[in-house]
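K.L.:
Numbering (numbering that gives the first Met the number 0), first residue to last: 0 to 114.
Note that these hints are calculated values from the structure, not bench results. There may be inaccurate statements among the hints.
[Stated by the list, open to error] List of simulated lysine to any residue pairs, SDA-like, C-alpha gap at most 25 angstroms: (1) LYS2 with ILE91; (2) LYS42 with LYS92; (3) LYS66 with GLY3; (4) LYS78 with ASP43; (5) LYS103 with GLY22; (6) LYS32 with ILE91; (7) LYS70 with ILE111; (8) LYS2 with LYS36; (9) LYS92 with THR73; (10) LYS42 with LYS103; (11) LYS2 with SER68; (12) LYS36 with GLY3; (13) LYS42 with LYS66.
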Amino acid sequence: MIKGIGTDIIEIERIRQAISRWGDHFVDHVFNKEEIKYARQNKDPIQHFAARFAAKEAVYKAISNRKISWKDITILNDKNGRPYCRITDPKIKSKILISISHTKNYAVANAIISS
0 MIKGIGTDII EIERIRQAIS RWGDHFVDHV FNKEEIKYAR QNKDPIQHFA
50 ARFAAKEAVY KAISNRKISW KDITILNDKN GRPYCRITDP KIKSKILISI
100 SHTKNYAVAN AIISS
């Protein structure tokens, strides 16, 4: 049973500007260490930060829990490269499916919360 869905799209340039303006303070505020490590190992880390930002927003919209913080949601990849979501809030026991895509200019993500 589907409990919620969420979608987000962001311009890569917005994340580039945020990181340019606030640097590691922005990155450390929004992303977990594992997400930062993953993004920074890629040719253009900003695209990967933007994709994870969009995924966190999509999850946030799907679960409709305003008490969750950026760092309560972690977007990782399994051994096959497929993205998945880890939530640190023990009250959220639902299955979370996510899909992420990005181009040179945009990142988009979808999240489905199911029981």
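K.L.:
Next pair to validate is LYS70 with ILE111; report whether the Cα-Cα distance is within 25 angstroms.
P.N.:
Holds, because 19 angstroms separates the two Cα atoms, which is no more than 25 angstroms.
K.L.:
Next pair to validate is LYS32 with ILE91; report whether the Cα-Cα distance is within 25 angstroms.
P.N.:
This hinted pair holds, its Cα atoms lying about 22 angstroms apart.
K.L.:
For the pair supplied as a hint, LYS36 and GLY3, is the alpha-carbon distance within the 25 angstroms limit?
P.N.:
violated (29 angstroms)
K.L.:
Mind checking the alpha carbons of LYS2 and ILE91 for me, to see if they're no more than 25 angstroms apart?
P.N.:
holds (12 angstroms)
K.L.:
Could you grab the alpha-carbon distance between LYS66 and GLY3 and see if it respects the 25 angstroms cut-off?
P.N.:
Cα-Cα ~16 angstroms, so holds.
K.L.:
Between LYS78 and ASP43, does the CA-CA distance stay at or below 25 angstroms?
P.N.:
Holds: LYS78 and ASP43 sit about 21 angstroms apart, inside 25 angstroms.
K.L.:
Taking only the CA atoms, is the gap from LYS2 to LYS36 under or equal to 25 angstroms?
P.N.:
violated (31 angstroms)
K.L.:
Given the hinted pair LYS42 and LYS66, is their alpha-carbon gap at most 25 angstroms?
P.N.:
violated (34 angstroms)
K.L.:
Regarding the pair LYS103 and GLY22, is the alpha-carbon distance no greater than 25 angstroms?
P.N.:
holds (21 angstroms)
K.L.:
Take the C-alpha atoms of LYS92 and THR73, compute the straight-line distance between them, and say whether it is at most 25 angstroms.
P.N.:
holds (15 angstroms)
K.L.:
Can the restraint linking LYS42 and LYS92 be considered satisfied, given a maximum Cα separation of 25 angstroms?
P.N.:
violated (35 angstroms)
K.L.:
Going straight from one Cα to the other, do LYS42 and LYS103 come out at no more than 25 angstroms?
P.N.:
Roughly 12 angstroms separates the two Cα atoms, so the pair holds.
Violated hints, in rising order: 2, 8, 12, 13; the structure is consistent with all others.
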